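*Asks:* Heads up: the protein sequence lines correspond to chains A and B, in order.
Using my numbering, the first residue of the first sequence is number 557, and each one after it goes up by one.
Using my numbering, the first residue of the second sequence is number 266, and each one after it goes up by one.
Calculated from the structure, these hints are not laboratory results.
Owing to the predicted nature of the structure, the values given are computational and were not obtained by experimental measurement.
Careful: at least some of the hints might be erroneous.
Unchecked claim - Covered stretches of chain B (in silico footprint by chain A; criterion: 3 or more residues with CB under 8 Å from a CB of chain A, positions within the stretch not fixed):
id : region
1  : 375 to 381
2  : 491 to 502
3  : 528 to 539
Beta carbons are placed, not taken as given, at the ideal position from N, Cα and C, and that holds for glycine.
So you can see what is in the structure, the chains are spelled out below.
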Amino acid sequence: MKLHLETYQGEAPSTIAVRIEELQLGMMPSVDVTDQNGRLLVPAGTSLTERHLRAFEMWGVTEIRVQASGSEPPEPAPAPLTPEQLAHGAEAVRSQFALVNLDHPVLAELFGFVAFRAAQRLWSGRRHA
Amino acid sequence: MRRASELLKGVNSVASLPGIYLRLCDIINDPRSSAEDVGRVIADDPGLTARLLRLVNSALYGFPSKIETVTQAISIVGTAQLSDLALATSVIRVFADMPEDLVTMESFWRHSVACGVTARVIAGRRRESNVERFFVAGLLHDIGRPIIFMRAAAEEREALALCASHPMALFEAEQKVLGFDHSHVGAALLESWKLPVSLREAVACHHHPGRAQRFPVEASTVHVADLFANALGLGSSGERRVPPLAPQAWDALGLTTASIPGILEEAERQYHAAVQAVIGDAA
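Assemble the whole structure, with the sequences as input and the hints as a guide.
*Replies:* The structure is reproduced here in structure tokens:
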């Protein structure tokens with residue numbers, strides 16, 4: 557069974573073109589962002605907020621170009637989860653997936669995401685192993 | 266053995282949809298009517314107006330400025346879309362007073378909203394023209410369940426027990442105990458309400474999307490959205506596990522597995538916005 561637990565650690569993108577799934581708050585578009593009809597959504601150089609990211613999602617923007625220098629998120633990312641913590645997350649949700657075939661790539665991806673979320677909940681600050 | 270449609274008999278509270286939705290449909294289907302006529306019908310119902318404005322101003326849309334009137338909402342969201350949202354909020358109110366000993370209505374609607382927004386996000390990724398139609402289809406996919414809770418509670422309890430002791434999805438256990446499942450009851454209800462066939466088929470076939478004759482994309486979208494919503498564990502309509510995937514339904518949507526995390530994250534965001542806006546005063 558192939559698990560996708562590591563994929564969600566949110567590695568900082570090093571390229572200039574960034575898919576919207578990978579955009580981070582505080583990044584700055586290097587060119588104006590428009591919808592499919594050319595309507596301006598966000599001017600170049602704007603520091604992206606949650607609201608902008610939702611608007612991109614809403615208006616079908618799939619990728620934008622960002623300034624490499626502005627690509628660091630304003631807040632430090634939380635420490636990545638350890639493989640042990642991820643394994644605990646996987647254990648916590650395994651019974652929920654008892655009826656499905658985890659060898660199917662869709663279910664494997666879904667399981668990985670949900671297990672990662674469970675691990676985040678288990679180790680979000682106050683709780684320790 | 267009873268038939269699915271027989272469960273509907275004697276359920277007075279769901280005998281008819283609020284007249285306002287049917288009036289809206291009449292107007293939308295009348296070629297001589299205008300968006301202003303639609304606005305007038307909605308504005309006649311202050312409760313509906315307030316709920317719709319709350320929805321279009323929620324993070325579900327993320328419009329940059331506040332939408333103050335129904336006319337504005339229609340011009341931005343669209344006539345068909347707004348009437349689908351009117352249907353969504355009307356149905357939730359019809360089911361406000363259901364028995365809650367098997368599943369609370371809050372938990373039921375939370376799962377329904379989760380499936381609705383996930384279907385909406387998937388439809389958006391596929392560039393469907395009216396994503397609200399998919400939101401409503403997802404919202405209504407398990408609508409047969411509260412009817413079963415009310416009219417066949419003993420059988421549903423038996424089905425739940427069967428699931429607890431066997432590796433079986435709840436709809437399969439319902440089949441075993443009742444001879445039909447909640448998707449049949451839901452489809453019968455939507456038929457009695459004379460709702461569009463696309464909604465009926467999406468509800469009827471959400472566990473067997475391969476059986477959808479006319480609207481396979483709607484059925485496949487709701488099927489996948491139901492799986493995702495169950496996996497995220499946002500509310501429950503009785504099912505505690507992720508139901509089996511019909512692989513051809515995923516293939517029919519033409520999405521890549523790489524798009525799944527983005528879909529789930531967007532669905533989570535829209536879920537919190539929609540729960541507030543849609544069931545805020547009902548749950």
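*Asks:* The structure should be examined with respect to each hint, and the outcome stated for every one.
*Replies:* Comparing the hints with the structure gives:
1. 375 to 381: violated (count 0)
2. 491 to 502: Three-residue rule met by the region 491 to 502 of chain B, so holds; n is 6.
3. 528 to 539: holds (count 4)
Consistency with the previously given hints fails for number 1 only.
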